[in-house]
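Just so you know, the protein sequences line up as chains A and B, in that order.
The numbering of the first sequence is this note's numbering, which starts it at 3 and goes up by one.
The numbering of the second sequence is this note's numbering, which starts it at 255 and goes up by one.
No wet-lab data here; the hints were simulated from the structure.
Be a bit skeptical, because a hint or two may be false.
[To be verified] The calculated lysine to any residue pairs, modelled on SDA-like cross-linking and capped at a C-alpha distance of 20 Å, are:
1) Lys431(B) to Val33(A)
2) Lys164(A) to Ser181(A)
3) Lys352(A) to Val453(A)
4) Lys164(A) to Gly174(A)
5) Lys164(A) to Ala418(B)
6) Lys164(A) to Leu302(B)
7) Lys164(A) to Leu421(B)
8) Lys431(B) to Gly36(A)
Letter by letter, the chains look like this.
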Amino acid sequence: MPTVHAVPDLAPALPEVILAVVAMALLMLGVFRGDGSTRTVSWLAVAAMAVAGFFVITGPSDGVVTFSGMFVVDRFAVFMKVLVLIGSALALVMSFGYLRDEGMERFEFPVLLVLATLGMLMMVSANDLMALYLGLELQSLALYVVAAFKRESLRSTEAGLKYFVLGALSSGMLLYGCSLIYGITGATDFAALSAALSGGGEVPIGLVIGLVFLVSGLAFKVSAVPFHMWTPDVYEGAPTPVTAFFAVAPKIAAVALFLRVMMSPFGGLVSQWQQIIVVVSIASMVLGAFAAIRQDNIKRLMAYSSIGHVGYALVGLAAGTAEGMRGTILYMTIYLVMNVGTFAVILNMKRAGAMVEGIHDLAGLARSRPLMALAMGIFMFSLAGIPPLAGFFAKLYVFLAAVNAELYALAVIGVLASVVGAFYYLRIIRIMYFDAPSEVFDAPVASEMRVILAAAAVFTLFFFAYPAPFLAGAEAAALALVR
Amino acid sequence: MIVQTLTFCLLAAVTLASGVMVISARNPVHSVLFLILAFFNSAGLFVLMGAEFLAMIMVIVYVGAVAVLFLFVVMMLDINFVELRQGFLQYLPIGGLVGLIMLVELLLVLGGWAIRPPAGVVAAAEPAVAGVSNTEALGSLLYTRYVYLFQAAGMVLLVAMIGAIVLTLRTRAGVRKQSISRQVSRRRDEAVEVKEVAPGSGI
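Working from the sequences, and respecting the hints, build out all of it.
Dropping the structure here:
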């Protein structure tokens with residue numbers, strides 16, 4: 003006798019369903035219309051992300067669970083999904099000009115970006131170790147391909163291959179950790195895991211080993227030290243819009259996943275993982291600050307900068323409190339805006355139709371392009387954490403959380419590292435404003451770039467005037483995570 | 255029972271031995287053939303566990319598709335594997351030392367620890383339901399409880415497919431392709447030319 007099963011509730015997963023269906027429809031459109039349709043496919047992909055974002059915001063947000071407990075939508079998921087969708091959509095819009103100029107206009111690019119975004123949304127909503135892994139793998143696989151998208155370029159191919167090999171290794175570690183955790187507890191469901199582990203008593207050592215493997219895999223995905231080796235090479239080798247994409251959306255999704263895994267199933271084991279996160283966070287901040295000093299390639303510099311920023315974001319996680327979570331969530335929000343803005347400038351570093359990537363190519367930008375130099379200056383000051391710009395508040399909230407959690411050493415080292423890090427951000431400003439001008443960059447700047455640049459600069463500059471909605475949103479998201 | 259144990263020992267021993275041969279055989283084609291042997295034996299192990307569906311999948315997918323694909327790649331790429339292995343002996347001492355240290359560390363960590371579920375933890379895998387075959391049980395779980403994972407895995411495979419095409423497909427100019435419409439619309443006078451040949455002179 004066949005058993006009848008109810009169809010799972012699809013409403014919470016509506017944005018994901020939309021993205022999946024749109025990705026397949028756009029694939030068909032592209033295949034039938036050829037590469038000439040890339041622009042159409044790209045705009046439709048952006049529209050799909052906007053529609054998905056609309057349904058994320060209007061959809062359920064009070065901890066609904068579906069697909070037999072594998073998929074959860076709470077305030078945290080909603081907040082992070084909106085960030086991921088904004089990051090992906092902006093990265094896609096910023097890629098238009100580059101794809102056209104470099105002869106990379108192939109319709110698979112937007113389709114792969116949509117699929118990567120789908121993977122990120124699934125990561126953010128994962129409520130089961132298996133769902134976590136599949137979301138992560140969907141995202142990573144699409145990222146490996148777009149890293150190697152400029153296949154006639156040796157560096158791009160190398161970046162894709164390097165990313166793939168190391169990413170596969172980290173997935174292996176993550177899976178090994180998951181299997182150990184499953185072996186010890188007999189559950190993969192986050193709710194069941196959290197119920198099983200919150201009872202107190204002695205923690206089996208095998209579980210701790212599994213947790214360490216899991217953290218290693220996740221640390222690779224957020225490119226935290228000591229799993230950061232791939233970042234500079236991949237950021238430098240990948241086509242610039244892909245680097246811009248890597249620097250925002252996947253990082254936000256991976257940090258979101260990190261927060262959820264640490265707080266939801268392993269929230270009762272804070273004492274077990276806190277020291278690991280503290281060490282990883284300190285190492286990332288210090289390496290990000292010191293290694294970037296010697297870089298002359300701006301993409302490589304941004305890679306080290308992103309390693310450092312992940313370190314700061316993890317300070318909030320290390321605190322293990324609702325305040326810390328709020329700090330990390332807010333950090334990723336501001337990080338998204340600053341990085342999108344910076345990459346909008348980098349994507350306009352073009353001379354005689356060819357991209358240039360050296361930081362000395364920015365020399366004299368203040369005279370040839372005063373507005374662009376001003377925007378870049380704002381982003382650099384903000385990335386360095388200078389008040390009253392947005393980046394300062396990002397750092398302020400994570401460090402406050404660390405101090406309140408009595409992690410004084412972490413907070414002090416973090417502040418020192420950000421002083422060292424300020425050096426290379428200020429160096430760029432010095433080059434732009436005080437060095438003898440080199441040749442002028444190509445004009446004109448595309449209108450969509452101008453809008454993104456202006457919006458990011460205004461947000462970064464005036465965040466201090468009206469931070470309340472972002473604080474409230476991050477607070478609600480954090481409270482959903484810490485129960 | 256004794257037969258089962260003996261079969262297990264035999265299959266496991268052959269699996270391990272062929273696994274070692276995969277990495278130590280000099281000829282890469284031999285390596286792949288040992289890999290196939292290892293797959294067959296692990297399929298046997300699955301049968302022994304009562305997982306006949308997985309055993310068949312193992313044979314069909316791994317032996318039938320993956321291993322044959324490897325064989326093709328190995329034969330076509332023509333890599334000089336002897337050259338690749340040249341540094342092996344040079345790095346053996348230090349590599350062995352690192353491996354040994356890690357083994358000792360793992361034994362020290364795990365030595366005093368017995369695998370047992372702590373209190374309050376969910377019981378492990380449910381026993382097989384009587385009267386339901388392996389395939390049926392898998393199917394009824396895969397399409398109900400795990401439908402989300404099933405669909406997600408489908409998306410992952412779609413990405414893999416797109417990726418393989420994006421990274422390798424090249425449109426080459428000057429390739430002669432069959433055009434059926436042109437073939438069909440061809441007329442007799444376009445294709446055949448009648449020449450008057452004078453006797454005894456040739457063309």
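Now for the hints, and whether the structure bears them out:
Distance restraint check for Lys431(B) and Val33(A): the Cα-Cα separation of roughly 19 Å lies within the 20 Å cut-off, and the hinted pair is therefore satisfied. Simply put, Lys164(A) and Ser181(A) have alpha-carbon atoms about 26 Å apart, too far for the 20 Å limit, and the pair is violated. Among the hinted pairs, Lys352(A) with Val453(A) is consistent with the structure: their alpha-carbon atoms are about 18 Å apart, no more than 20 Å. This hinted pair checks out: Lys164(A) and Gly174(A) have alpha carbons roughly 15 Å apart, not beyond 20 Å.
Proposed proximity of Lys164(A) and Ala418(B) is supported: the alpha carbons are some 16 Å apart, at most 20 Å. At most 20 Å may separate the alpha-carbon atoms for a hinted pair to count; Lys164(A) and Leu302(B) exceed this at roughly 40 Å. Among the hinted pairs, Lys164(A) with Leu421(B) is consistent with the structure: their alpha-carbon atoms are about 15 Å apart, no more than 20 Å. Restraint check for Lys431(B) and Gly36(A): satisfied, since their Cα atoms lie roughly 18 Å apart, inside the 20 Å limit.
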